[in-house]
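Please construct the entire structure, taking both the sequences and the accompanying hints into account.
Chains as they are written, first to last, in the numbering used here: chain A, 54 to 239; chain X, -4 to 373; chain E, 1411 to 1558; chain P, 16 to 416.
Just so you know, these hints were derived from the structure itself, not from any lab.
Quick caveat, the model's predicted, so the values are computed rather than measured.
Any given hint might turn out to be false.
[Claimed, not checked] Not everything, but these chain A residues come out facing chain X in the computed CB check (under 8 Å):
no. : residue
1   : K62
2   : T76
3   : H88
4   : R90
5   : A145
6   : M148
7   : F149
8   : G171
9   : F196
Just so it is clear, CB atoms sit at the ideal spot from N, CA and C, and this is done for glycine as well.
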Amino acid sequence: MTYGAGIAKGLMVTMRNLFRKPTTVQYPEERLPQHPRFRGEDFVWYEERCTGCASCAKYCPLGIIKIVTSPSGTQTQEGEKYRLEVFDIDIARCMFCGLCVEACPYDALHMGSGFERGRYARNDLTIHIDELKSAPKRPSTWFRPQLEAKGYDPFSGETVPWQGVSRASKNDPTKEEMDSRWVERQ
Amino acid sequence: MTNLQQHPEPPAELEAEPVVVNLGPQHPSTHGVFRLRVIMDGETIQDVEPIFGYLHRGTEKLAEERSYTQVVTLTDRLDYTAAMSNNLAYVLAVEKLAGIEVPERGMYLRVIAAELQRIAAHLIFVGFSLDELGAFHTPLLYGFRERERILDLFEMLCGARITVSYMRPGGVHQDAPVDFWPALDRFLADMPHYLDELQGLIAENEIVVARTKGLAVLLAAKAINCSMSGPVLRASGVAWDLRKQDPYDVYGRMQFDIPVGANGDTYDRLLVRLYEARQSLRIVAQARKEIPGGPVRTQAPFFIRPPVGEAYGHVEAPKGELGFYLVSQGGISPYRCKIRSPSFINLTALKEMLVGYKVADLVVIFGSIDVNMGEVDR
Amino acid sequence: MTRQLAPQEVARFLSGAAPGSVASWGSAGVVVHRESLLPVCKALKDSADYATDFLVAITSVDYVEYFEVVYHLLSLRHNHALVLKVRANGRESPSVPSVTSLWQGADLQEREVWDLMGVAFEGHPNMKRILTWEGFPGHPLRKDHLGG
Amino acid sequence: MILAGNSLYRNIYGFFVGLLPDGLSWLGLVITGLILAFVFVNALMIFVAGVVYLERRVLGRFQSRLGPNRVGPFGALQPIADLLKMVFKEDVVPAAADKLVFAAAPIVMVVPALAMMAVIPYGKNTFVTDLNVGILFAIAITSVSSLGIFMAGWGSANRFATLGAMRGVAMLVSYEVPMLLSLVGVLLLGGTLSLVGVVDAQRIPFILLQPLGFLVFLIAATAEMNRAPFDIVEADSEIVAGYHTEYSGVKWGVFQLAEYGAMIVSAAVLVTVFLSGWQNPFVPQGWPQVLPSQLWFLLKVGLVLFLLIWVRATIPRLRIDQIMGFAWKILFPLALLNLVVTAVEVQLVPNPNTWQLWVLVAINLAVAVGAVVGFGAAFGRRRTNPTASVTLVSLQAEVVR
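Laid out in structure tokens, this is it:
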């Protein structure tokens, strides 16, 4: 080993890299592929599935989910279902740990896949119930093995209706069927 | 360059007044908001006072009012370059406290995740060390390029790259997706070449050797007395690795070696980590081969109520021994959650290591301890 | 595997090495008297059987009636660990002796305990706050700390 | 007279003399000088912009990045965007600063780089002036920049800046010596101090006859322009930004201009002295040339700049005491050795013919290799394998030691 051999070796390494393809991704035009499990911020919430039990709010380490409910006359499943008046997620403080999704017993809340919800004011960062209702339903497969088993990819663009996200194996009844079943029980 | 290594003493008639310089809290190479109040005589360091706490978020206090599962999300933010290891240390403590069993597959997945995280953390360390030596970001960016692939694997596993929150008391939150395994195989095939390349770039470079050999030698007895742990302790010649000495999860079944330094200088601290990354690859490859089927998680309730008592769980994190000391009074949240953070305790010997060296060595020596301010300040 | 020494066994050794030092022992560790902490630590560190050369962690727990300072000791030579505890009474100015003379690794950790829990260490060379700033009101990890 | 053999000067002068009435031909001289100064100063600025852009792109590719690529085609307008940003930035002056020194330092830094432009031949008969002490002038004028560094460091009233300035002055003064000594060999061979004359004196590039001198000059020049691995003056990981820590806006831009200007000019001197300047290395002079001589000059300067960028992308920084030791313990003796060998050769073979020339090349190459290896062996640590300091310990999981 002569003196300078180490430096020469290093120079060769950098020279090799000069002719490699750069790893940079030109972000707004190109994007890195995201995995279906990506925990992003455009939460997917199915009004039809949510019973207003507020498990998500209880499980949230930061307490950023605000739920206000009132008793509703109709029931779609066993147990009581409340009418959701407020379902706000304060994205400004959210850390996307996904515990709320883990907590949801009815598969009503799912993580989304986006990460580009920059706003000029903090108040604009809260996701309100109307936005949750109208948002496109592209749930992340995080903690949703049933979606993963179907091979669903939220980046393919297709949306999933509320019947399709259940962890129950049998086909879910339609909303009308369930409503009528409740009426029958009454 | 033996003769160039010495720091010649200035002649006696050249009286210089000591100067106080504040390195940090905003300084390019203090790894976050760390402040060093340095008293210098010219370029030579006479006295050092580390000042920190700028990033203190009261994690231990926050943990006292969260349920055991929710605290997992707090641990991600301790050493943010090694979230998986933090998760692991915490869930081990909770499992010890509450007596939760972990399925085999869950243990293997945790080992794979923790070892991948170790490689990522060591790549960051090597990159930043060279950056502090003045190699214009090149090793750093190479390191980040490879780390990116590890983060991609983490995204597949758990949907997040840095703040993973992957582990739960009783296992991991979810099994790996099917496309994780081919991606892991590709990574395992490519990574040794990248490590070779990185090592070729730096390990034999004469300037790196001249700058770090014999610099800030930490003797084994001193390192033990100062409670140093992790690669810093191993670079000083003490073969102490909790994965071997106190194996947790399935480390007892893994075949791997512990890199141990001969001199305890900055060069050894640099190299020990490079070698450790290779050993981690070995562990990941074995775990990938041996991983059994089955469940990944014991169905522990979300609100765990451990019996009254206390437990200390620790892992060999990339920075050293990371431990969680939990005290339960029977409630749903820990009564006390103490974090034994390696970065914080490894700073004990900082002053002894720095005094007498030049300001250019200061950043290198400080970097070679590899502290992370998220973990120091908690 | 690191062997956890049975507290009973440790207590028996300590009663011989430093008579009257052990206050009680439970499943978690040995509680020693405040005054005899230093002799106990010295005995443990110097004895060939125990040789606890590595101080893993110092922490403290606020049990409202008293503060418990917990020492996790480890022997790299024998690969065994034990837990020592000291109780400090009084919420005004609780204090225990410093062990920095035995393990330098206690330096920063004792400062941290002082800063966050308010248990002072007698004989520590530099008993200053470390994570919060000088003049921070109260000690945040105490159960009665309300923040400010 | 300075006009002799300088087609550039003569053409412009001739044009103005034709316009001016008799007796005012001195005015023509003045106007010509001003025009040339204007052209060359601005040429340097444009070159600096180009080199900054190219360095960022090439460094980016070395580091597996892209570099600036947003402003203009391939990001080529990035320097202009940077300039606009610098101009509109607030010019912060620290309250404790020595205002006059603080403001003057960038100017003191930039003037030497501009002044050096005057003596370099950019091509066949393309130069501002053929100074008969060109090499001496070049060396003398570059040392002014250390004054600028010291003024900036002292005037900022910042401890990082002062540290950088102290380092800078110590290093720059030290490296002047081997730099000058390495050029003396060229003077002996070429027999002229003029940079224009040196090019004409190179039948074969002097790098072949003076490999050791070239090496010493390259290293010393790298130190003189504060480039890696000698960039301790502005070591970003240690002393934030060194002497220009407190500078912002246009003043910072002027420092940048001065640094990159000095880099280009030093590379140009290197090319002129050791790489036969504007001459085509493959087709001898007098034969029909395809490429203009100016382009050859540009190509060679580009090559040297690429080498500097490559080194910067790879090599870490040395410590101050190592840098000073390197200058005095290694470069200085090497330069002296080179000087002695060259002097003996010139004494023995004053006018070598072609084969004698190649024998000298072989001798000098052998001396250079021998000297470098010898010094490496004498000063290098007893190199076993440096990576051998880490051993792998296999432990059984349950047993300790």
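Status of each hint after checking the structure:
no.: 1; hint: K62; in the structure: 5 Å, holds
no.: 2; hint: T76; in the structure: 5 Å, holds
no.: 3; hint: H88; in the structure: 5 Å, holds
no.: 4; hint: R90; in the structure: 4 Å, holds
no.: 5; hint: A145; in the structure: 16 Å, violated
no.: 6; hint: M148; in the structure: 6 Å, holds
no.: 7; hint: F149; in the structure: 7 Å, holds
no.: 8; hint: G171; in the structure: 18 Å, violated
no.: 9; hint: F196; in the structure: 6 Å, holds
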